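Visitor: Residue numbers (the working numbering), protein chains in the order written: chain F, 1 to 362; chain L, 1001 to 1331.
Hints are computed from structural coordinates only; laboratory data are not their basis. Take these hints with a grain of salt, some might be off.
To be verified - Each computed DSS-like pair below joins lysine-lysine, with the alpha-carbon atoms no more than 25 Å apart:
no.: 1; chain 1: F; residue 1: Lys112; chain 2: F; residue 2: Lys69
no.: 2; chain 1: L; residue 1: Lys1030; chain 2: L; residue 2: Lys1002
no.: 3; chain 1: L; residue 1: Lys1135; chain 2: F; residue 2: Lys284
no.: 4; chain 1: F; residue 1: Lys23; chain 2: F; residue 2: Lys118
no.: 5; chain 1: F; residue 1: Lys284; chain 2: L; residue 2: Lys1140
no.: 6; chain 1: F; residue 1: Lys112; chain 2: F; residue 2: Lys23
What the hints assert, rightly or not - Chain F stretches covered by chain L per the calculated footprint, using a threshold of three residues with CB under 8 Å from any CB of chain L:
no.: 7; segment: 250-257
no.: 8; segment: 295-301
no.: 9; segment: 312-320
As the list claims (entries may be wrong) - Partial list, computed: chain L residues near chain F (C-beta under 10 Å):
no.: 10; residue: Asp1039
no.: 11; residue: Ser1072
no.: 12; residue: Leu1079
no.: 13; residue: Ile1085
no.: 14; residue: Phe1126
no.: 15; residue: Ile1141
no.: 16; residue: Ala1204
no.: 17; residue: Phe1206
no.: 18; residue: Ile1271
no.: 19; residue: Val1274
On a predicted model such as this, the values are computed, not experimentally measured, just so you know. Cβ atoms here follow ideal geometry from the backbone N, Cα and C, with glycine treated the same way.
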Amino acid sequence: MTSEKILTSRLKINKAKLALLEKLSNAVGVSGCEDEVREIVIEEIKPYVDEYNVDAMGNVLAVKHASIKNALRVMFAAHMDEVGFMLVGEDDKGIFAFEPVGGIDERQLVAKPVVAGKDHIAGVIGAKPIHLASAEEKCHPVPMDSLRIDVSPANSGRLKIGDFATFATRFQLSGDSLFGKALDDRLGVASLIELTKKKADHLEILFAFTVQEEIGLRGARVAAYNFNPDLAFVVDSTPAFDFPAYEPGVENSRYNCRLGFGPAIYIADAGTLSDPRLIRFLTKIAEENHIPFQFRQPGGGGTDAGAIHLTRTGVPAVSISVPGRYAHSSILHAKVKDWENTLALLEAILNNVDRSILAEER
Amino acid sequence: MKELIRKFTQTAGPSGYESAVRNVIREELKSYASNIQVDTLGNLIVRVGEKNRNGLSILVAAHMDEIGVIVSHVEKNGLVRFSNIGTVFPRFLPGSRVVFLNGTRGVVNNEKPEDITKIPKFEKFFIDVGAASDKDCPVKIGDLAVFEGEFADYGLNIVSKALDNRAACALLIETIKQIKTTPHELIFVFSTQEEVGSRGALTAAFGIEADLGFALDVTPASHILGTKMQCDLGKGPAIKVRDVNFISDPGVVNWMIDGAKKIRVPYQLEILDVGSTDARSIQMTRSGIASGALSIPCRYVHSPSEMINMNDYQNMIALMVRLLTNPVSLG
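Pulled out of the complex, with its shape left as it was, chain F reads as follows:
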């Protein structure tokens, strides 16, 4: 299937949507400190939702009420947080030891620009220079505990232990590609914001912009308990390893998902066996609406669905992800078309979801 041929998306990615994604990508929201992202979310959804609140964990929970009684309660979740760092010690003025927050690939940290603290103080991840490294040291990635965040002595007093830091990458649109930090999962957050603008009066639509996904699906757990939905759709970003195989002549059979092939629907990951009824539903509406999609390769990893589906007496749940290369690094590469098709699929959910999906036993 070539995705280009069958594109008939209704929700075109225009300048306004890109500007929103840019704002979200550049905002700092390391797990546990999602304030900046939360502010943007609230500002954006306020005109479109009937009510919203910020819960004890910091999730933004917003509702668009149905116009009918006993309407189907449909939850959409996307996490606001991103992987990053926490400052854990100051060795010398402006030289901070740090620890990862969430799963960071430590091989690619050296010399990356970062921003630290509420004031976004510029810094860089410093390491022993190559001139001084031993032959042995050159063979291995520099371990995180020998790296430091350097913000210069002048800024020493403006940061303290416990402050967060993240990559300083700025969002960029290049042709049909999106480059930016934290697109995992600001693509999902932006998608949910767009979805709040849609009308579906027959549904009670529950939006959860969750916190602390990257450190163990913590926000989603309480959000789902609070909402007590009939079913749930999680919107995230999943890694694409869709390169040619590294060994010549060997087929790449572990690509996870591929850029340009549309939203990736989850069947199984480490935390969730997606409800087969919802997989069938998504497949059906995608085909009917000519929206390209792919199945993410079953395997490890996880999303907020892992927490949501085990809430109370259980919630039918499935995840949909925008594919992105280089996840959990300083920059992610995603495709405009994939995001557009993800939005189209989400809109198709609103237009088609009803109780009959759950009539049959799982």
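Fit chain L to the supplied structure of chain F, relying on the hints for placement.
Guide: Below, chain L alone, put in the same frame as chain F:
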């Protein structure tokens, strides 16, 4: 009795896709229970009896699911790459056979190993369904399969795939058939997704709010040289004291021991250093539930040829009936 076990083990039900197993279980139960429900995660919940003055609400869970594999990619040459559902040991893979839920059968083998003395890593394995290319392959990404392993009657012992945990499902049905009166409200949960982390039992227990709960499962038993499993076949049902994620309520352990002594069946105490059961999910539900577990000793767990002893099986039914038809004292 063996026929029921044969039927249950030979029905395919990998985690998350237990509907076929649920249907054969429900069919067996029809004449013995009227209150049967299926919940969101696919658990089959059966209620028997009403709680009287000396009674409790007792939840008993036996998981219906089995380990399996799921297609992750079909290569251009028609070979199928896969991921595991539950704990699948690479050492049992070479030469084993699988059957997909759509009926397609295949053999498992591995790429040429660099070192034949070592078990290849999981990603080196593939399933050959006889397809010449990805175009004519009868399975696609996301399709699930279970391992084949015929039922064999060795007399006192029986052998099959999926005795974990269909033997306990069959045992629970035999128990239900024998219970005539009880002071308790008995809630039997044939649970889903145990092999991927006791997920079905978690949501079932939340909805049930029992006073007391326990799981029925198999426990690895062996007298293979070099292993230290305490349990073995033929020495009676195993009363769980502890596993990796769970410590039994001491009162529940004593209640079970006392029951075995009263009816003079042998029992053994189980301390398991690998794996866990639904009991861990039941115990942590809501504000907590006094919990334990009873296990059928089973050799070669998670292989296509698991083995149990029919004396253990019979003794465990007797113990179950004793426990569930008399007032409970957790002393």
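Visitor: Would you mind marking each hint as holding or not holding in the structure?
Guide: Status of the hints after comparison with the structure:
Proximity of lysine 112 of chain F to lysine 69 of chain F is assessed by CA-CA distance (about 53 Å); at most 25 Å being required, the pair is judged violated. Pair hint lysine 1030 of chain L plus lysine 1002 of chain L holds up; C-alpha atoms about 19 Å apart against a cutoff of 25 Å. Of the supplied pair hints, the one linking lysine 1135 of chain L and lysine 284 of chain F holds, its CA atoms being roughly 22 Å apart against a limit of 25 Å. Taking the CA atoms of lysine 23 of chain F and lysine 118 of chain F, the gap is near 16 Å; set against the 25 Å cutoff, the hint holds.
With a CA separation close to 17 Å, the supplied pair lysine 284 of chain F and lysine 1140 of chain L stays within the 25 Å bound. Distance hint between lysine 112 of chain F and lysine 23 of chain F is fulfilled; the C-alpha atoms sit about 21 Å from each other, no more than 25 Å. As drawn, the segment 250-257 of chain F meets chain L at 4 residues by the rule of a beta-carbon pair under 8 Å; at three or more, the given contact holds. With a threshold of 8 Å between beta carbons, the proposed coverage of the segment 295-301 of chain F by chain L holds, since 4 of its residues qualify and at least three are required.
With 5 residues having a Cβ less than 8 Å from any Cβ of chain L, the segment 312-320 of chain F passes the three-residue criterion, so the hint holds. Taking 10 Å as the C-beta contact cut-off toward chain F, the hint placing aspartate 1039 of chain L at the interface holds, the least distance being around 6 Å. A cut of 10 Å between beta carbons decides the hint on serine 1072 of chain L: the least distance to chain F is about 4 Å, and the hint holds. For the restraint placing leucine 1079 of chain L at the interface with chain F, the shortest Cβ-Cβ distance is roughly 9 Å, inside the 10 Å limit, so the hint holds.
A least Cβ separation of about 7 Å between isoleucine 1085 of chain L and chain F falls short of the 10 Å threshold, and the interface hint therefore holds. The interface hint given for phenylalanine 1126 of chain L is met, as the beta carbon of that residue sits about 9 Å from the closest beta carbon of chain F, less than 10 Å. Proximity of isoleucine 1141 of chain L to chain F holds as hinted, the smallest CB-CB distance being about 5 Å (cut-off 10 Å). This hint holds: alanine 1204 of chain L has a C-beta 8 Å from the nearest C-beta of chain F, less than the 10 Å allowed.
Restraint check, phenylalanine 1206 of chain L versus chain F: the minimum CB separation of about 5 Å is within 10 Å; hint holds. The beta carbon of isoleucine 1271 of chain L is not positioned within 10 Å of any beta carbon in chain F (closest approach about 28 Å), and the interface hint is therefore violated. Nearest Cβ of chain F to the Cβ of valine 1274 of chain L: about 19 Å, over the 10 Å cut. The hint is violated.
Hints 1, 18, 19 from the earlier list are contradicted by this structure; the remaining hints agree with it.
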